[in-house]
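Residue numbering for the sequence shown follows the numbering used here, beginning at 21 and increasing consecutively.
Derived from the structure by calculation, the hints contain no laboratory data.
No experiment lies behind these values; they were computed from the predicted model shown.
Each residue gets a CB set at the ideal place from its N, CA and C atoms; glycine is no exception.
Please note that a few of the clues may not be correct.
[Unchecked claim] If you anchor each label on the Cβ, the simulated ranges turn out as follows:
| hint | residue 1 | residue 2 | range |
| --- | --- | --- | --- |
| 1 | A86 | V165 | 34 to 40 Å |
| 2 | A160 | M126 | 22 to 28 Å |
| 3 | G222 | E191 | 20 to 26 Å |
| 4 | N150 | T84 | 19 to 25 Å |
| 5 | T84 | T121 | 14 to 20 Å |
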Amino acid sequence: MSRTFTLLDAFALRDLQVVLGRAERVDNGSVRVVSGGGVLAVYIAVFYPAGLLDQAPTILGLRTFALAESESFESVVPVRSLVERINRLEAAVTDDAAPVTVSLPMEVNTVTWAAISPPRGGWVALEATNSERLDAVARAGIDEVAGAVPTGTGEQIVHRVRTEVWGRPIEGLEHIPAGGAFAAFSLGFLGGDDAVSVFESGPWTRLTTKRGHVLIKRKAWTLAR
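Using the sequences and the accompanying hints, generate a full structural model.
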């Protein structure tokens, strides 16, 4: 049976279209979609270890969408295939207020990061930060990576440079790697001087804005008292 989800309207479809387009530019691989309880959760891998010995953090983007109808499912699908289906649906929209049903492409079973699930509860609020600060960190990191990686550099060297830059703690926010700022920036979750709430649960840190969430898995430690 084809798995489907039904968004409330064409505006939500276009919102998902934009998010997936950004995801494709960050990592042209797969996305994890989880449907249940009237909500669609879309997980995007921004950064993750390349192997068991890789010390890179796992950094995921998360956007949620209200659903009109849905099966309950969890699936990992190619982002390009899902984008193409949504593009065709968007082009055929005749009533922006009408619900839109999306069918998923064939599932992918070889994505290692999709097995890493952040906790659903137990989040402890920490001191908040702001979009402007994370935006500056992301832009500085992008410039540093671009300057350190010449055109034609091998994949292993590129990954090592990215791990060094994006795994570096943010000054004044030592529990958050710079890659968290990059994820929020590249997925369009930052805006002006909007507040960014910060939470932690065990080895996970969550950055939350009104536009989406960034989930970061680090070594197990806590700032909670």
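- Item | Whether the CB-CB distance between N150 and T84 falls inside 19 to 25 Å | holds (22 Å)
- Item | T84 paired with T121, Cβ distance criterion 14 to 20 Å | holds (18 Å)
- Message: 34 to 40 Å was suggested as the range; check whether the CB atoms of A86 and V165 agree with it.
- Response: Taking Cβ atoms as reference, A86 and V165 lie about 36 Å apart, which means the hint holds.
- Please test the hint of 22 to 28 Å on the beta carbon pair from A160 and M126. Since A160 and M126 have Cβ atoms about 40 Å apart, the given range 22 to 28 Å is violated.
- So does G222 sit 20 to 26 Å from E191, Cβ to Cβ? Because 24 Å falls inside the window, the suggested range holds.
Hint 2 alone, counting from the list given before, is not met by this structure.
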